[in-house]
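The residues making up each chain are set out below.
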Amino acid sequence: MAEHQCDQDYGLPEETAARVAAEMPPLVKEMVNTCGREDCFDHIGPVAIPSHAAVVDILLQARRILFPGYFTPRQIDPVALEYYLGQEMTQLYAALSQQIVLAVSHDCLRQDRACSQCTLRGHEAALVLIQRLPGLRRVLAMDVHAALEGDPAAKSADEVIFSYPGLYAVSVHRLAHVLYELGVPLLPRIMSEHAHSRTGIDIHPGADIGHRFFIDHGTGVVIGETTTIGERVRLYQGVTLGALSVPPQDVERLRHQKRHPTIEDDVIIYSGATILGGETVIGARSVIGGSVWLTESVPPDTTVLLKAPELDYRGNRSASPKR
Amino acid sequence: MAEHQCDQDYGLPEETAARVAAEMPPLVKEMVNTCGREDCFDHIGPVAIPSHAAVVDILLQARRILFPGYFTPRQIDPVALEYYLGQEMTQLYAALSQQIVLAVSHDCLRQDRACSQCTLRGHEAALVLIQRLPGLRRVLAMDVHAALEGDPAAKSADEVIFSYPGLYAVSVHRLAHVLYELGVPLLPRIMSEHAHSRTGIDIHPGADIGHRFFIDHGTGVVIGETTTIGERVRLYQGVTLGALSVPPQDVERLRHQKRHPTIEDDVIIYSGATILGGETVIGARSVIGGSVWLTESVPPDTTVLLKAPELDYRGNRSASPKR
Amino acid sequence: MAEHQCDQDYGLPEETAARVAAEMPPLVKEMVNTCGREDCFDHIGPVAIPSHAAVVDILLQARRILFPGYFTPRQIDPVALEYYLGQEMTQLYAALSQQIVLAVSHDCLRQDRACSQCTLRGHEAALVLIQRLPGLRRVLAMDVHAALEGDPAAKSADEVIFSYPGLYAVSVHRLAHVLYELGVPLLPRIMSEHAHSRTGIDIHPGADIGHRFFIDHGTGVVIGETTTIGERVRLYQGVTLGALSVPPQDVERLRHQKRHPTIEDDVIIYSGATILGGETVIGARSVIGGSVWLTESVPPDTTVLLKAPELDYRGNRSASPKR
Chain A
91 MAEHQCDQDY GLPEETAARV AAEMPPLVKE MVNTCGREDC FDHIGPVAIP SHAAVVDILL
151 QARRILFPGY FTPRQIDPVA LEYYLGQEMT QLYAALSQQI VLAVSHDCLR QDRACSQCTL
211 RGHEAALVLI QRLPGLRRVL AMDVHAALEG DPAAKSADEV IFSYPGLYAV SVHRLAHVLY
271 ELGVPLLPRI MSEHAHSRTG IDIHPGADIG HRFFIDHGTG VVIGETTTIG ERVRLYQGVT
331 LGALSVPPQD VERLRHQKRH PTIEDDVIIY SGATILGGET VIGARSVIGG SVWLTESVPP
391 DTTVLLKAPE LDYRGNRSAS PKR
Chain B
91 MAEHQCDQDY GLPEETAARV AAEMPPLVKE MVNTCGREDC FDHIGPVAIP SHAAVVDILL
151 QARRILFPGY FTPRQIDPVA LEYYLGQEMT QLYAALSQQI VLAVSHDCLR QDRACSQCTL
211 RGHEAALVLI QRLPGLRRVL AMDVHAALEG DPAAKSADEV IFSYPGLYAV SVHRLAHVLY
271 ELGVPLLPRI MSEHAHSRTG IDIHPGADIG HRFFIDHGTG VVIGETTTIG ERVRLYQGVT
331 LGALSVPPQD VERLRHQKRH PTIEDDVIIY SGATILGGET VIGARSVIGG SVWLTESVPP
391 DTTVLLKAPE LDYRGNRSAS PKR
Chain C
91 MAEHQCDQDY GLPEETAARV AAEMPPLVKE MVNTCGREDC FDHIGPVAIP SHAAVVDILL
151 QARRILFPGY FTPRQIDPVA LEYYLGQEMT QLYAALSQQI VLAVSHDCLR QDRACSQCTL
211 RGHEAALVLI QRLPGLRRVL AMDVHAALEG DPAAKSADEV IFSYPGLYAV SVHRLAHVLY
271 ELGVPLLPRI MSEHAHSRTG IDIHPGADIG HRFFIDHGTG VVIGETTTIG ERVRLYQGVT
331 LGALSVPPQD VERLRHQKRH PTIEDDVIIY SGATILGGET VIGARSVIGG SVWLTESVPP
391 DTTVLLKAPE LDYRGNRSAS PKR
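Residue numbers (the numbering used here), protein chains in the order written: chain A, 91 to 413; chain B, 91 to 413; chain C, 91 to 413.
Because the hints were derived from the structure by calculation, they are not lab data.
Some hints here could point you the wrong way.
Note that identical chains are pooled: a pair holds if it fits in a single copy or bridges any two copies.
[To be verified] Dumping the calculated EDC-like pairs for lysine to aspartate or glutamate here, alpha-carbon to alpha-carbon at most 16 Å:
| hint | residue 1 | residue 2 |
| --- | --- | --- |
| 1 | Lys-119 | Glu-172 |
| 2 | Lys-245 | Glu-271 |
| 3 | Lys-348 | Asp-298 |
| 4 | Lys-245 | Glu-342 |
| 5 | Lys-348 | Glu-369 |
| 6 | Lys-119 | Glu-178 |
| 7 | Lys-245 | Asp-197 |
| 8 | Lys-348 | Glu-386 |
Since we're looking at a predicted model, the values are computed, not measured.
This is chain A alone, in the form it adopts within the complex (with noise of 0.2 Å):
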């Protein structure tokens, strides 16, 4: 290896140099016209626009405060508890209001109105949202709860909070979907796709969840805007609950409709299941087994199979295929 003849030290060579800076200057002319063109997309102007770091900051510092103590990097001494939520709750509050404000302002300027409400609307959502953080605390216990129970490779509530992806995704989700419903525009997709990046789960801001849902494993998990999902359902990894298949002409018609199903109470539904539609309803109660592909309602207390497939067993001399 020492003797590996290498140049890798020796900086550009003259005559490429000559070209960069030759090169260079049209190149970001022409880069600079593509800037306003319809063919092209860009935010150049004098509206600031959402920070995705900022969001992924505001989704952390959230964790902090809804599960006091599991994400921080000392412990919280009980008698500093109150300064140390009182200060937390209030930088969220701001940062959350900064950045919803941006994104309502943008999008003012993105449809050409005047925005003179949007300061206002932006600080109002976030303290809705602060308002709401002592019952999502309760309710996310809850979905703790529903992963411990549904597990037997659970150990402890601390390694639901710690590790599991599911939770982290229902967390966002259940963040998210405040935003969603107050009209919040950008935000909420950010929030829902971070979430997603980091778990493999994909689910909309728009999602109505019910309490204790348990999502196991859960990569490829994909929830749609409009799905419905009632109390302590619980879903493995690859579930789609999706919409059917949309023909060009219809997307914008389809937009503003429910496109995704409704999942009833206590329904469990097994991995890379399928269940498309926004008229098909899972009743209460009903197992949906592994890889079944369902388009159309079932009744409560119902479990759907796929009847086995025929598998081709080849190869070997022994005589069965069990052992």
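Since chain A is already given, all that's left is putting chains B and C on it; use the hints.
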């Protein structure tokens, strides 16, 4: 755009400021009062708790030690190698023993045991992991070879080490499994869920995995806690090695039983296959086809394929679906 | 809780400290001795190696250039646009050429070639990518339009740009593919696996993808190295465009052959469908239904559906599974 009326910089309206000032203190009090209650989760008190960020740093540092020179900002001079590794390994030991002590003593607190041995246990466990590093280096090199041999798209060992998610997930698993076997709480699962988040590959730290293991693509793979995998096994994306469904009343009883399958040497399992149950054994050298669903054992040297599902070809005037 | 006995702050017990002091040096020596051996991987030596972190920074910087104003911490004033883009593009060129030089010279080292042209090749390749940026901007804008037209849940182009994982994965792919075609080693795959990690969408940088491409949800999508995709194609989560299985002895021979399918213009492929093989062609305007498994070609204008798999409805007293 320049004419767009926007109040986004005008700050908080006076009226809202007054409302926030009035409403925030009782909200903070309400949040404080949720702490320490049965129906919420928090960790307020004198005992510190493991840090998710510190655990991720430990994994990245371990990777720098297991593949020296690949993930360091600057090249490592052979002359400095011993100093480099000495420093990294000493730091790893310090960080790891600290987090294990936190995890072990946190667990004692949860179970209301005195934990006079916690510090000792933490340091002993950290030392065991350090002692395993040279062996893990050889085992991971075999995993790299398995990727090279199994994937025609792999250009070099370097490409595998730099970018293959399967190798990342398996590297983390082999570390987490050592801690799992030592009975360290919380940390192994934080590690495995970090890898799950990065790769979409969910390997429970309890799984027992042989040499030359290769997972290609990997998104959606689930390998359960009591799975046993032999040597030279290859898996593709979306494979589940899982447990049969569990009625709620049996969750507790099943926590300590073998619930996941056994995969013998030289088995290949293609994408989307699902193999369930603690008594299911896939015999050596068997090949399980894509999307196969198995809940019973298969003898050695068997190929199991899904019988080509019936497809419905529509809407084309030509007679044959083939081209 | 206050009474809980905890020794977690007492530091390292003396006996353990002595053991660590005694055992660490030989362990470091043992690790040093694993380096440079055939059965382990390391990169110790005078040639630096590409940096994973630097490659991710390059992608984020490229995104700031391709969608100006969306991912910058502050708004961009139209007056400053040229300075802004000039600085970003010059920095991108510098970072990119440095990493390409490292990748190219590293590759020469691995193959034991002298690499007097490495620096030149790196700078030339970086310049080509910079020259492509204006064109890529237009191509990515078409991808944004395809998302808006294909997804009833998409609220605005901004939402797509900010949060759609499909757009992120395709943006990274279009950059990585330029470097792949220029023969740059290592970096394209580091880029594509970064996108895979963030989105669950695994597009090999070799894949050739036409305009107005849209992947919805995306988790679990796999697009192989020699895949060809036409214009206006739409894919859903869990679609695999893959290779037929490879007996180990054929891996080497297949490395340079077309192993993955060809998808013609205006094809839609629903979630979980698997299409395999280098000779498989999906004809223009065809629709492939969810979970379909195809290893043979399909003529243009064909709809291929899985015949509704037989379901088994149990446990409900009502006669009909419908509601």
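Verification of the hints:
no.	hint	in the structure
1	Lys-119 x Glu-172	between (55 Å within a copy, 7 Å between copies)
2	Lys-245 x Glu-271	between (35 Å within a copy, 14 Å between copies)
3	Lys-348 x Asp-298	within (12 Å within a copy, 36 Å between copies)
4	Lys-245 x Glu-342	between (47 Å within a copy, 10 Å between copies)
5	Lys-348 x Glu-369	within (8 Å within a copy, 41 Å between copies)
6	Lys-119 x Glu-178	between (45 Å within a copy, 13 Å between copies)
7	Lys-245 x Asp-197	between (45 Å within a copy, 11 Å between copies)
8	Lys-348 x Glu-386	within (15 Å within a copy, 37 Å between copies)
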